[in-house]
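Q: So the number in this note's numbering is just where the residue sits in the sequence shown, counting from 1, plus 1.
Derived from the structure by calculation, the hints contain no laboratory data. Heads up, a few of these hints could be off.
To be verified - With a straight-line Cα cutoff of 16 Å, these simulated EDC-like cross-link-like pairs (lysine to aspartate or glutamate) come out:
hint	residue 1	residue 2
1	Lys234	Glu33
2	Lys227	Asp9
3	Lys209	Asp23
4	Lys125	Asp177
5	Lys227	Glu8
6	Lys240	Glu153
7	Lys125	Glu63
8	Lys209	Asp9
9	Lys234	Glu20
10	Lys125	Asp102
11	Lys240	Glu33
12	Lys227	Glu63
13	Lys240	Glu196
14	Lys176	Asp187
15	Lys209	Glu20
16	Lys70	Glu46
17	Lys156	Asp167
18	Lys125	Glu105
19	Lys209	Asp28
20	Lys209	Glu13
21	Lys90	Asp177
22	Lys240	Glu105
23	Lys176	Glu249
24	Lys125	Asp104
25	Lys90	Glu153
26	Lys90	Glu63
27	Lys234	Asp177
28	Lys125	Glu153
29	Lys234	Asp9
30	Lys221	Glu12
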Amino acid sequence: MTERSFEDLVEEANSASVEGWDFSWLDGRALEVRPSWGYQRSMGERMARASAALDIQTGGGEVLAGIPKIPPLCVATESWQPNLAKATKLLHPIGVAVVLDNDEPPLPFADDAFDLVVSRHPVKAYWAEVARVLKPGGIYYSQQVGPDSVLEVSKFFLGPLEGRVDTRHPEMARKDCEEAGLEVLDLRMETLRTEFYDVGAVIYYLRKVIWIVPGFTVEKFMPQLKAMHEHIKREGCFKANTTRFIIEARKPGEKKE
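Based on the sequences and whatever the hints tell you, model everything.
A: This is the structure:
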C-alpha cells in the first residue's frame, strides 16, 4: 500500500465535517480505550427507569439516540447550531425534544422537573442548576473529561504549559456537587490509552475537540503538524493518555412518583 503524503492527509482532515459528536471518521486511524463503566450502556439503564429525563449538551444526539428505551418525557439541550440541527433530526423521530440552550445558567426548565439528568463530557457542569431542575430523589449521571486529558498532544503543539491549573478533577467535582446540595453516590476516574496513527487523525481530533489546543488551525500550527507527521512515521503512532471520570449524585428527599 502506498504511503499517503503529508499534504494529502492534511487536506482530507481539514475538509472533513466535524459536526456532531460522532468520532467514526477516526475508525482505524486512532484508538481511544473506553472507560470500564460503559457510559452509553449504564446511562441507558437509568433512562429505562426514568419518567422524565434531561440530557444536557447532547452534541449531535448520537449517544442518546443509541439507547434502547427513551423515557415518556425526554428533553435534550444543545448550544452549537450545526449540532442542534443534527440532534433535532436524529432525536425528534424517537420522541426527544431538542432545546436550544447557551450552556450557561439558567437551564430553561422549571424547578423539580426531572427525575434523571445526564450529561456526557459537559464543557462545564453547573451544579446548582442541576440540583434545581432535579426532583427530590432524582439522579444526576455524567461522564466527564478528567485532569490532563491528552496533555501530551497539548504540549506537542503548545510547548510547556507552565502555571496551568486543570479544574477538571473528580474531587473538585465532588466538592462543587456537594456544595449544590447533592449527595455523591459514585465517583471513579480512569486513565486510558489513546493513539493516533496518522497526522490527519490528529487534525480531525483537534478541530472537533477544540479545548485541547485552543485556536487550532492547520495554517497556524503547520510546523508542529509536520513534526507530528514525522514522529508518527518514525514511531508508528503518537501516544497520549485520556482521563475520564464518572459521577452519580442524588438530590435529597423522597422520590415522588
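Q: Against each hint, give a clear statement of whether it holds in the structure.
A: Consistency of the hints with the structure:
1. Lys234 to Glu33: 20 Å, violated
2. Lys227 to Asp9: 12 Å, holds
3. Lys209 to Asp23: Cα-Cα ~10 Å, so holds.
4. Lys125 to Asp177: 11 Å, holds
5. Lys227 to Glu8: OK: Lys227 and Glu8 at ~10 Å, within 16 Å.
6. Lys240 to Glu153: 8 Å, holds
7. Lys125 to Glu63: Between Lys125 and Glu63 the Cα gap is close to 20 Å, so the pair fails against 16 Å, i.e. violated.
8. Lys209 to Asp9: Not satisfied, since the Cα-Cα distance of roughly 19 Å exceeds 16 Å.
9. Lys234 to Glu20: Measuring from Cα to Cα gives roughly 29 Å; hence the hint is violated.
10. Lys125 to Asp102: Holds, at about 13 Å.
11. Lys240 to Glu33: Satisfied, since the Cα-Cα distance of roughly 10 Å is no more than 16 Å.
12. Lys227 to Glu63: 33 Å, violated
13. Lys240 to Glu196: Holds, at roughly 5 Å.
14. Lys176 to Asp187: 13 Å, holds
15. Lys209 to Glu20: Judged against 16 Å, a Cα distance of about 8 Å means the pair holds.
16. Lys70 to Glu46: 8 Å, holds
17. Lys156 to Asp167: 14 Å, holds
18. Lys125 to Glu105: 9 Å, holds
19. Lys209 to Asp28: 15 Å, holds
20. Lys209 to Glu13: 14 Å, holds
21. Lys90 to Asp177: This hinted pair is violated, its Cα atoms lying about 34 Å apart.
22. Lys240 to Glu105: 34 Å, violated
23. Lys176 to Glu249: 13 Å, holds
24. Lys125 to Asp104: This hinted pair holds, its Cα atoms lying about 8 Å apart.
25. Lys90 to Glu153: Not satisfied, since the Cα-Cα distance of roughly 36 Å exceeds 16 Å.
26. Lys90 to Glu63: 11 Å, holds
27. Lys234 to Asp177: 44 Å, violated
28. Lys125 to Glu153: 22 Å, violated
29. Lys234 to Asp9: 15 Å, holds
30. Lys221 to Glu12: 15 Å, holds
Hint compliance for this structure: hints 1, 7, 8, 9, 12, 21, 22, 25, 27, 28 are not met, and every other hint is.
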